[in-house]
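Asker: The primary structure of each chain is shown beneath.
Number of protein chains: 2
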Amino acid sequence: MSDFAGKDQNFVFRQLLDYKSFTYSYILGDPVTKEAIIIDPVIEMVERDARIIKDLGLELKYAVNTHVHADHVTGSGELKKKLPKCESMISNVSNAKADVKLSDGDKIDFGSFNLEVRSTPGHTNGCLTFVWHDKGMDFTGDAILVRGCGRTDFQEGNSETLYESVHKKIFSLPSNFRLFPAHDYTGQTVTTVAEEKTLNPRLTKSKTEFKNIMENLNLPYPKQIDKALPANMVCGLQDLQS
Amino acid sequence: MSDFAGKDQNFVFRQLLDYKSFTYSYILGDPVTKEAIIIDPVIEMVERDARIIKDLGLELKYAVNTHVHADHVTGSGELKKKLPKCESMISNVSNAKADVKLSDGDKIDFGSFNLEVRSTPGHTNGCLTFVWHDKGMDFTGDAILVRGCGRTDFQEGNSETLYESVHKKIFSLPSNFRLFPAHDYTGQTVTTVAEEKTLNPRLTKSKTEFKNIMENLNLPYPKQIDKALPANMVCGLQDLQS
Chain A
1 MSDFAGKDQN
11 FVFRQLLDYK
21 SFTYSYILGD
31 PVTKEAIIID
41 PVIEMVERDA
51 RIIKDLGLEL
61 KYAVNTHVHA
71 DHVTGSGELK
81 KKLPKCESMI
91 SNVSNAKADV
101 KLSDGDKIDF
111 GSFNLEVRST
121 PGHTNGCLTF
131 VWHDKGMDFT
141 GDAILVRGCG
151 RTDFQEGNSE
161 TLYESVHKKI
171 FSLPSNFRLF
181 PAHDYTGQTV
191 TTVAEEKTLN
201 PRLTKSKTEF
211 KNIMENLNLP
221 YPKQIDKALP
231 ANMVCGLQDL
241 QS
Chain B
1 MSDFAGKDQN
11 FVFRQLLDYK
21 SFTYSYILGD
31 PVTKEAIIID
41 PVIEMVERDA
51 RIIKDLGLEL
61 KYAVNTHVHA
71 DHVTGSGELK
81 KKLPKCESMI
91 SNVSNAKADV
101 KLSDGDKIDF
111 GSFNLEVRST
121 PGHTNGCLTF
131 VWHDKGMDFT
141 GDAILVRGCG
151 RTDFQEGNSE
161 TLYESVHKKI
171 FSLPSNFRLF
181 PAHDYTGQTV
191 TTVAEEKTLN
201 PRLTKSKTEF
211 KNIMENLNLP
221 YPKQIDKALP
231 ANMVCGLQDL
241 QS
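Residue numbers (the UniProt record's numbering), protein chains in the order written: chain A, 1 to 242; chain B, 1 to 242.
Any given hint could be a false lead.
Said to hold, decoys possible - Which bits of chain A does chain B cover? Going by a derived footprint, with three or more residues having C-beta under 8 Å, they are: (1) 48-59; (2) 109-116; (3) 173-182; (4) 188-194.
Keep in mind that the hints were calculated from the coordinates and are not lab data.
The C-beta atom is built at its ideal place from N, Cα and C for all residues, glycine as well.
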């Protein structure tokens, strides 16, 4: 099993991409106990993700969502059907349905590892970032993207709140921590705290300048929002209601 | 600078994707000496790649090509224009133009690191794989993809040769070595020798079965081949001829 983790690695880490919504999902696992979690699964990619989890000999404990996405439907519900030991997780502030509701300061345990849950509102009220202190990794959702950040112009978006979240809860991490976002549209896969603190074109500005930038992005209405939001409020299982 | 490499990492590693041709490019760097190389750059992504190299404080020594790609134009030539210290590299067997011609057993030095060059013909005659022994990584080009392999039905493709190459030059690596391909069409970013030796649906078969599979794929003619091949034979600088 450790052969699947990679040389000198005592943990499994897989970054997976959905080309349609440009969403990254992450499988994190303990190769000894076999317990694994997936962060931000996408409904169309559930077959792929379940197969990889099985191929790697892992058992999925949690399907964790950084927030209620507006641009794709979560795969949490479908994964629970395929892998019945799996429980879904999302922020209690999100008001979405899930087996486990997360709050700032909680720990997500899998095998011998755990992630610290940090509340990072601004893109939505319920946005979370998950810090893997042991490995120097942080899964940021839409709070911070590579040289960018999530939108603040719909759902419960608030640019000043996002600015505070990033500076207090992400930029306060050690500068050599790697940041893994929920989305990327430029073909980049990772960044670091040091990079975003010095090179992010928005978040290196003052809070006032950041607010002005975010108010003048003139972005289009998200294509999937009318379908994605109600589905994601119930873990992607919208069909259960019919 | 080490803050950009990540926690506990003494090397820079970036995996980058071109969504159009589904090509992965890789930046590998030494954060102390600043020397870096890029593997399989794509011409449309040169601006992004040059910016990342500059942002990370690196100096590009080589633009290395695993082979003469048929599905996109290499960025080697454009990178050389933007970063004049950079030299292009490709297999001597490819008959393509480049500053440095590589042969089986050569070493590619950058900073305190080096990659071993292994000849892995089958997709094309000049296909190379680059082994980073120290880090347990191998950059396989189109010789092996995640749960797949490169086509053998055009250019100098030969399925039996590819089978031999993969088994002798890649599957002979330690089983916990991570494999990074030149392309992926399913949103996966990495695999290991152990996985492909046990789970690859083609290459776990006998050579005869593999040959039959490869002869019956019925794949379409590559869209960009008529433009890409002549350009890649001259490092992507087809405009220099006019």
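Asker: Taking the hints in turn, state whether each one holds.
Answerer: Now the hints, each set against the structure:
no. : hint    : in the structure
1   : 48-59   : holds (count 4)
2   : 109-116 : violated (count 0)
3   : 173-182 : holds (count 5)
4   : 188-194 : holds (count 6)
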